[in-house]
Every structure is written in C-alpha cells, then in structure tokens.
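**Q** Line order of the protein sequences matches chains A and B. Straight run, no breaks: the first sequence in the working numbering ends on number 326. Straight run, no breaks: the second sequence in the working numbering ends on number 577.
Keep in mind the hints are simulated off the structure, nothing from the lab. Owing to the predicted nature of the structure, the values given are computational and were not obtained by experimental measurement. A hint or two may mislead.
[As the list claims (entries may be wrong)] Listed below are several chain A residues computed to face chain B (Cβ distance under 10 Å; list not exhaustive):
#1 R129
#2 R132
#3 V133
#4 V272
[Claimed, not checked] Here are some, though not all, of the chain A residues that point toward chain B, as calculated from beta-carbon distances under 10 Å:
#5 R32
#6 I33
#7 G80
#8 R90
#9 T93
#10 R128
#11 G130
#12 P175
#13 R237
#14 W240
#15 R241
#16 E270
#17 S274
#18 Y275
[What the hints assert, rightly or not] Beyond 10 Å from chain A on every Cβ pair, some chain B residues (computed):
#19 A62
#20 K211
#21 F216
#22 T239
#23 D441
#24 D502
#25 D513
Glycine residues also receive a C-beta, built at the ideal position from the N, C-alpha and C atoms.
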Amino acid sequence: MHLPRPGYLARKLLGVAATLFAVLTFNFLLFRILPGDPVRLLARAGNLSPEAIERLRQSFGLDQPLPAQYLIYLRNLATGDLGTSLTYRRPVTAILAERMENTLILLAAATVIVVAFGILFGVYAAARRGTRVDSGTVVTSLVFWSLPTFWVGLIFVFILGVYLRVLPISGMTTPGAHYGTPIEAIVDVSRHLVLPTLTLALVDIGQFILITRSSLIDVLTEDFILTAKAKGLSRRRVIWRHGVPNAMLPIVTATALYVSLIVGGTIQVETVFSYPGMGRLMYDAVLRRDYPVLEASFLLFAVTVIFANLASDLLYRRLDPRVRDA
Amino acid sequence: MRRTIGWRGAVVAAAATIVLAACGSSATPVPGSAAPGSPAASAEVPAPTDATGATAAPSTGAAPSDATLRVGWASEPDTMNPLTTYSTEATEVLQLIYDKLIGYGTDLKPKAELAASWETAADGLSTTYRLQPNATWSDGQPVTSEDVAYTFQTIKDDSLGSYAQWLADFVGAETPDPQTVVLRYAKPQAFDPALAIPILPKHVWSTMDAKAIQTFPNDQPVGSGPFTLGEWKKGETVTLQRNDAFWGSPAIPKEIIYVLYASEDVEAQALKNGDVDVLTEVPPTVWDGVVGAENVKAAQLPSFSFHHIGFNVSDAAGSRGNPLLRDPEIRRALSAAVDRNQLVQIALAGKGQIGSTLIPAGLAEWHLEVPPDTKLDADPEKAKSILDAAGYVDANGDGIRESKDGMPLQFRLIAIESTSVDVRAAQLFRDAAEAVGIKLDLTTMDENTLGSTVYNTDAPDWDVFVWGWDSGVPDPDYMLGVPLCSQIGGNNDVFYCDKAYDELYAQQATTLDPAARKVLVDQMQQMFYDAAPYIVMWYQDKLQAYRTDTWTGWQEIPGGILFNFTRDNYMNVAPAR
C-alpha cells in the first residue's frame, strides 16, 4: 500500500483545520443573527419578572457582548464544553451523546445494507446492460428513490405493524419492558430497528444502484476491459476484478456523503417511528431556538462531513494511482 | 399564561406539526408576555375558606396493583425542574411527584393534598394549613412546615418561575410547629395560591441560589407525591414509580409510563394495537379513526380554552393599527355579523361549543350565558343597522363602508398558518364581514412571527388577529386577568383598557364569597362581551381516548381525563380483569 506523502497529508489537514475554523465562526454568528430571542422563548410561560429574565440571560452568558460570547464559545469548545441546553438545562454533550448513539445504531445497519446491496444490484444490472433485467432494475430504483420516506414508513407500519402485527411500530424499546438478560434487550431493540431500517434501505438503495450501474457501464466500454476479455478471462472475473474496482470512485463519494447524513439523522424516519435520534433533536432545537444544541449539532455535522471527505480523498488515492501521482 | 394549542393539520406535515404542537401546547412563545411590569399583578385569590379535607386520600377501595399504565403523548417535558419548566407535559408529570397544599378532586373542587386541613382567618388575610402528619419526602426526610414556608418565600423573593404571579400579595409565612404553617397576604385571596404552588423540600433546594436553580435539571426529583421519577429516556419515555411511602392511599398503578409519539397516525395506531392504554390528545385528523375502534373509548370533553378574534384598540402614540377599530360599534357589528355556529361546525368540525364570553363554558359555574337582548351572533341585519346608526355607510358604492371622513372600513387580518382551524375561521370571518360591508385582508404567518407582531406593545402594526387562550387554573381569574390595563405590555394582546373593568377585577379577586364573586365576574364578562375587543369564537373540546380492556374507572370530566387539574384519574384507575 502506498502511504500518502507526509506533505500531502499535512496540506490536507491544514485545509481541514481552516475549514473547521470557518465553520465554527459561521456557526456562532448564524444563530445569533437569527430573529427570535431565546430568553424570550424560555420566559414564555409568562409572568416571569424582569429580574428572573435577566438572571436567565446571565446564566446562559447571553448578557455579554458578541465578541466576548465568541471568545467564551471558543474557550469552552477547546475544553470540550459545548454548553448547556436552553431547553433541557443539561450539558449539550450528554444530550448529543445519547442521540448520536441511537442514530448510529439505526443508520449503521441501513448503511451497510444500502451500500452492499446497492453495489450488488448495480453491478448485476450493468453486466446485463440493455436487457429486461437491467431496465427493470433501473425503473425499480427510480421508483424507490422517488418514494416519500414517511409514506413508505407508514405503509410498513400498517402492513407489518398493524395488519400482520409482527413488528413494533414505534420507539427503540418496548415501553416498560424489564429485561431478564442482555439478550432479551438486544432482541427487543433489534425488533424495533427492523421497520425503520427497512424503510431507509428501500428509499436510499436506488441511488447506489444507479450510480454503480452507470459508473460500471462506463468502465466496461474501456479498452482494458476488451483486453481482459481478449485474454479469455471469465465474465465474472472481468467484471469484479477489472471493472468494479475502476468504477468505485463515484461510489466512494456517494458513500462518504451518505455516512455524513448519519449525524443529521433522518428526520422523516425518526418522526414516523418516533425514534429518538439526531434529526428530531435538531428539529426541536430549531423550533425552540436552543442555540447550544443547534451549534453543537451543526458542528458535529460539519466535522463529520469534513472528515468523511478527507477519508474519501485518501481512499481515492488508494483506489486510483492517477489521483495519487497527480 | 398559556396560549392555546393550534390543532394540527395535514398528515404530510406531521413532522413539522408535531413539534409545533409541542411548543404550542405548552404556551406559545409570546414575546412580551413577560414584559417588565406585567406579572399578572393581582393574582387572585381565594379559596376555599375552610375545607376540612381531612384525609384526602383519593380512594376507590381498589387495591394497589402491579400493573403499568401506559400513556401516549406527542410531546415530552422540557425539564423536571418545576421552577423553570414551561411545558404542560412537565407540569403533568410533576403534579404526580410533588404535592400542592391543596389539590383538586374529579369534581374540580379543592380537596386536601399536603394540607390535611386549612382555615382562612376571618379577615381573609391569612390561612393556616395543617400538614398530613405522616408525609415524608421520597428521600425519607419528614415534610415539615419549614418546607412550605421555604417554597413560598423563595418563589416570592427570587421571583421564580411562573408561580411568582400568584404571590404578588404574599407577605410571609409562619411556622408555629412542624405540622402547621400560616401564609399571610396583603389582601384576601379569592384564588388560594396554595392550589397552584408545588411544595419543594427545603433541604434539597435551599443549597442553591436563584441562579443555580435556573440551570438545575432536577433529574432525581425529591417529592412527597404519589409517584417518584423512575427514568426519563429523553425522546422516548418517562417512567414514574408508585411511591410506597406516600402519605395517602397509594395509587393503584404501580408504574406510569409516558410514551412519546412523533407521528399522529402512528400514535392512534398504537392505541388501537394496544401498545398504550390512553392518549392525552387525539388530533382531529385521526379522531374518526379512533371513534368506534374496538375496545377504545374516545372522549370528547369540554375544555378550559377558547380561540378568539382580537382587535388592536391601542391608543399608544406609536400604534400603526387602524384607528377605526377603537370604535366599539365597528367591533360589535363584526361580532354580530359572524356566525359562531358556522365557525364551530365548519372550521372546528363540530369539536367544541359556540363561544361568547371570556370564561369558557367548561368552567360552568362561572361562565355567563349572555342574555338574548345583548347577544351579538349570526345576525348580519343587526350588524348593518349598528353600522348605519354609527354613520358608516357605503357612500361610493364600492361595497365597502366608509367613515364620515371617508376612511374605508378595511382592515388587515392575521392568523397562524399552521393552526388550520384558525385559518379556516379567519376565512369564514372575512366572508361574514364582507357581507356587511367591511373588508378584511387575510395574511397567515408562523406562530413566533404572529406573537411578536401582536405583542409589539409600543408600535403594534396590525389590525385584527386570530389566536387562543388556555386557562392555567380552573378559576375565572385567569381569563379575566388577560385584558387588564396593567397587562398592556404583558398578556393583554389587544391593548384594551377600561378602568371600570380593572376595578371590578380587583374586587372579585378579593371577594371570598363565591356568590358575591360570581356577580362581579358576570358583570365583567358582560362588559367585555359588549365592548367586543375579542370575538370569542368557540370553546374547543379536549379530544382524548383510552382503551376499555386494560384499565377501568376513568372519570370523564370537563378538562379531560388526563392533563387536567386533578390527578385522581392516575390514582384510581384499576386494571381490567
């Protein structure tokens, strides 16, 4: 394996740092120029005295001038302190950690299914370009891709959850369940994950099938494929050994983007299945003007996108010598 | 104070609406509602003069069970800190963890809670409460009069939370012995603040100053109520455990678990599937699917809320509202022109009662039936004659009446776009106004924007709006207190100010005799109805549903089986055989 030259990596990391800093600053400013005073929202139970409101402002540092708030923000970030949620009055890190864990559990399974089966079906279709199998796959992918997520979720709820009653329709666990063994807990959570995962997989797999198919079709017209065929290699070997690796670049990009979605959660699936993930946390935070939660979520989102991109850049170099030598 | 919830609209918007409803149901973000100087100044008062609730224990004779009551809801608490919460969900849960001195029974009459008995002095300026002798905190410490004195004094001194509004006249507490506390007020209190304020353990809270309390999550509340907090899995469930050291008869459910649903369709399905036993609110969009479902009872009950059309009558120098609306005759004509039954039937799909005065019909003993001769409703001819008599005629034949100096009767009308019932009502209102020669231009906006537009006290730039109120206590004081002069800058959303009305308000707030108070309350309702700064459109019903095959004994009462001012349904429902 060729390791990237140190110079390259250093340049990349410097770029990452600069991007991060820009994101931090933008993030900070964005939520402070938005209309709507968060303290007013907190005081909406009404009848808070002016002293109580002032005290609230102080306890969240909102009484300071903007530059001072910015310095405090940077200092706290450096120590890993993301602030206190205006809504829940708890440290943001704790809230984010819970939600991230839930979202990761949900999306890990979905990502594996979507990427693995997406590639598989895409290759299958591309290898049979122009046949009925191919056009059937393309049409099906397009249909799934364009289905509204919440609608697919509801259909699953009604068929598998209500009509057949084989699977739970909401939440992460059975409310009030007391587990005898860890196995029971795992089984319970897994059962709850089936419908949301299925929904995500169905809706998102289409794009991977289509990207894989078109990328591979391009590659299969290249001269080196002809050469490989001429050498008498098996069809399977031509496709998997010579075709697929060369068609991977767009797939890697799409996967990197898809993985960064994990942080944002998937608000529609989380809503239909009442799943306590990042998407709903962020959505609630917007409506409640919970700046600390929003800032931290956006930061996390930005960091994930930046690093997913960095990872895909590095992977590119591994996959494609042309990129490496450029 | 609390703004009403908007009923949610389309399924497609489920994600959005749920959260909106979540915010809405607690109270809308109303900029200005807590403006300086506004705290509902005279809170009110009074109370049961001398109830001897004796043992108070809720009891139906059924034995405590091992069963779990599962409640489905669409929004979760914000915090377990009763002094900072602004969500109705937290209030609901906390009323099971903390006791008040006096609670409400299923008849919504005061009944003994932490105070076994109480007695108000003849001058009405103090009340002596005797505490339940065996009351303990959930950490094992005894509940004493010091706790009560600490709670009231701290809320008053540090102006904590929305409870401070009830203690405007509070002057101090005495603790002659550990079981007895005397609360003193500058004026008699027709609404006893003891009905509203949860008693907190001094040994836990007194270690914090006011600022520390602001950020105190209270994750492990120490209370004296019938339940303790088991676990709060944020975004999923809140679990309460029966408090076996509770001073009264123990609750029948061993555990209550609140399950959060983010989709209304799925929430309704969960009830039908038997995943939960009761829903705290059934959205109208799924109501028909719940009614008639097997083993499910849908409960449509009167509430303590209304939706209204409000007119900007501000005479502030900076007001940009149309000055014509300061003429009560125009407002009265509009009140007469609109058909409230049509509003209920069409906009609200029949899920409520026709509106009239400030006090919802659900508060039956205080609500005034407006006498027929002063009634303004569904009478366009009367509207026209009021306008004719006041000199507003259509001189130029364009279909819109003008004032004597030629100003057309044309006003801006705003409503919250996500509250579909309000938008529909605004459309019907616009048509009714047009039929009598008044033109309304309807615009919709989001709730935050409408709030900041309406509550722009110094320079309100609007004419007419549609919104609503929930009463925070089952007492007329709450609603009557909205349009006071002193609430301009506070809750008064129409800038109405009538010194005579304020005078009556102050009187009723200190009148302990219910019959005498009712006379004053009626007078105020009539006065406000006649002046018509509000057109109260309807009193919407509370829509809830429960399974009949899991728990029995639900008391269907005004205000709802849950999310009401009484906690007795939680105590007394029993597992079905």
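**Q** Hint by hint, say whether it matches the structure.
**A** Do the hints match the structure? See the list:
| no. | hint | in the structure |
| --- | --- | --- |
| 1 | R129 | violated, 38 Å |
| 2 | R132 | violated, 35 Å |
| 3 | V133 | violated, 35 Å |
| 4 | V272 | holds, 5 Å |
| 5 | R32 | violated, 17 Å |
| 6 | I33 | violated, 16 Å |
| 7 | G80 | violated, 18 Å |
| 8 | R90 | holds, 5 Å |
| 9 | T93 | violated, 14 Å |
| 10 | R128 | violated, 38 Å |
| 11 | G130 | violated, 38 Å |
| 12 | P175 | holds, 5 Å |
| 13 | R237 | violated, 48 Å |
| 14 | W240 | violated, 41 Å |
| 15 | R241 | violated, 45 Å |
| 16 | E270 | holds, 7 Å |
| 17 | S274 | holds, 4 Å |
| 18 | Y275 | holds, 8 Å |
| 19 | A62 | holds, 20 Å |
| 20 | K211 | violated, 5 Å |
| 21 | F216 | violated, 7 Å |
| 22 | T239 | violated, 7 Å |
| 23 | D441 | holds, 24 Å |
| 24 | D502 | holds, 17 Å |
| 25 | D513 | holds, 27 Å |
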